[in-house]
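**Q** Listed below, chain by chain, are the residues.
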Amino acid sequence: MSLSEEQVGQIAYLARLSLSDEELQSNTKDLNSILSLAEQLAEIKTDDITPMAHPLHMTQRLREDKVTEKDQSESFQAIAPKTGKRHYLVPTVIE
Amino acid sequence: MQWETVIGLEIHAQLSTKSKIFSSASTQFGAKPNSQACAVDLGLPGVLPVLNKEAVNKAIKFGLAVNAHINQRNVFDRKNYFYPDLPKGYQISQLDWPIVGEGEIDIVVGENTKTIGVTRAHLEEDAGKSIHDLYDDYTAVDLNRAGTPLLEIVSEPDMRSAKEAVAYAKKIHALVQYIGICDGNMQEGSFRCDANVSIRPMGQEKLGTRAELKNINSFKFLEKAINLEVERQQDILEDGGEVVQETRLYDAVKHETRSMRSKEEANDYRYFPDPDLLPVEISNELLASIKADLPELPVEKKARFIAELGLNEYDADVLTSQKSLADYFETMLIGNESNAKLCANWVMGELSALLNKNQIEIQDSPVSAQELSLLIQRIGDDTISGKIAKDVFKAMWDGEGSADQIIDAKGLKQMTDTGAIEAIVDEIIANNAPQVEQFKSGNEKILGFFVGQAMKATQGKANPKLLNEMLRSKLT
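Going down the list, the sequences are from chains W and D.
Number 20 in the numbering used here belongs to position 20 of the first sequence; there are no gaps in the numbering.
For the numbering used here, count along the second sequence from 1 and bump the result up by 95.
Possibly wrong hints are sitting among the right ones.
Below, in silico cross-link-like pairs of lysine to any residue (SDA-like), each with a Cα-Cα straight-line distance of 25 Å or less [what the hints assert, rightly or not]:
no. : chain 1 : residue 1 : chain 2 : residue 2
1   : D       : Lys183    : W       : Val93
2   : W       : Lys29     : D       : Asp363
3   : D       : Lys258    : D       : Glu197
4   : D       : Lys386    : W       : Arg63
5   : D       : Lys183    : W       : Gly84
6   : W       : Lys70     : D       : Ser285
7   : D       : Lys174    : W       : Ala15
8   : W       : Lys70     : D       : Lys113
Read the hints as simulated data drawn from the structure, not as lab findings.
Small disclaimer: the values here were computed from a predicted structure and weren't measured.
Please put together the full structure from these sequences, using the hints given.
**A** Structural data, given as structure tokens:
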């Protein structure tokens, strides 16, 4: 399996990355060599193996359902690019 | 051409936890904008989501209530897309290993019971809210809702009409409230429905191309939106066109659905397991203890109403259709154990009529279940007749006092004094010789005339049973 430059361009668009033609070329090459490395896994029989979801052999710890957070919106909004009256403001998004 | 409609529903039920699914910020509705969005909800660098135990328990409860397989190992994934109300650039959801697997639920439409498959239900976080009309050149973002726990309940495409879809949605709506995992408030967005709708020629097995309808916030709109979409697809196909797979927004004001901008190209959410969250493991002990604590489910309650109270199928179905209605009815039963059918008739008749007329929910009824229970007891112990009780009920509704106060104040107590009734009956018989003759010659219907006269003379207060018996014995 290998990726075309067009596919890499599409992935870059979805991640909102702007790539020059040269970057697109070199990234496609790099990604394809990573893919071929991973392809070695295809030689192993994995039918009876549960797919791994996390590298650590641990399970999720759960939190009690308690509210402990206080309103810190003033400090959070101080570092936002633009705020209105208590709202974060972003360029108009039209549905 | 005969078309068949195929509908599947995706329901988002907001789980009624105090704190968010991955943070300890409050989920309270209606707080000041952004006052409940903490560093985790905002996706600030260095934060770690930690899963809320209650959200997991509530999801398990739902799974058990629809007889579903609970995946005791389940995994959270990142669903990636860019939108201002999603600060992290991804939503934490579950793709391949959802917490709840396949289950089912029965719906009743008309005379028929039908089983609808539940494909899966998974935990995820809600996004914030974008407000487009607050500023001229900006979209305002309130992230209080970001991180609120949701259970997305996905059905099989088992429904064949808008009516079936509404029946299914109402069943799920009632169920989540019964088991106490969601408040079901549709206005506040705690319970939201998206409908996948397609049509195909009758008899064809292959599914047609579907459209996903969004922005439906009532059961009435769900039915309207589906019917509208079915018409639209029929028009397209009958004109030789093709239905495009897309998301359409329902506009209740204009009564139309319209295409939404293509959100992101399909299948490009680039899901992958969230490295910040470890796989969730649900122990057998936890599963058993949740199962043991599960309240009586609507289907069990309905069966009990039929078996133990002797109600018919229809009454039992209506009374268990909402938790608040069932609670009211069961409170009323206290003191009226032998008059269950009478209680059922009053809740579904007099009470429902006035509630509907005034658009009041049963939990806000001006006449409480305890108060109505006392009125029914007065019918049961022959203090008043069922007919007089209706007048007393109206007075109770208008706030004139308790059943007993009104009966006393208006002198409505039924006449059970045999001597007094006898005197009146004798007088009526003496004054109406021709009618007496008619009765004696076999006209049974004329008995009603005598009852009417006696009721008139006693202002409706004569005990009907006593009166009937006395009239019969005196006339024959």
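**Q** A separate judgement is required for each hint: does it hold in the structure or not?
**A** These are the hints, each one checked on the structure:
Proximity of lysine 183 of chain D to valine 93 of chain W is assessed by CA-CA distance (about 17 Å); at most 25 Å being required, the pair is judged to hold. Between lysine 29 of chain W and aspartate 363 of chain D, the direct Cα distance comes to roughly 22 Å. Compliance with the 25 Å bound is thereby established for this hinted pair. For the hint linking lysine 258 of chain D to glutamate 197 of chain D, the alpha-carbon distance of about 23 Å falls within 25 Å, and the restraint holds. The straight-line distance between the Cα atoms of lysine 386 of chain D and arginine 63 of chain W is roughly 21 Å, inside the 25 Å bound, and the hint therefore holds.
Distance restraint check for lysine 183 of chain D and glycine 84 of chain W: the Cα-Cα separation of roughly 21 Å lies within the 25 Å cut-off, and the hinted pair is therefore satisfied. Between lysine 70 of chain W and serine 285 of chain D the alpha-carbon distance is near 23 Å, which keeps this suggested pair within the 25 Å criterion. Restraint check: the Cα-Cα separation between lysine 174 of chain D and alanine 15 of chain W comes to about 12 Å, which is no more than 25 Å; the hinted pair holds. Distance restraint check for lysine 70 of chain W and lysine 113 of chain D: the Cα-Cα separation of roughly 14 Å lies within the 25 Å cut-off, and the hinted pair is therefore satisfied.
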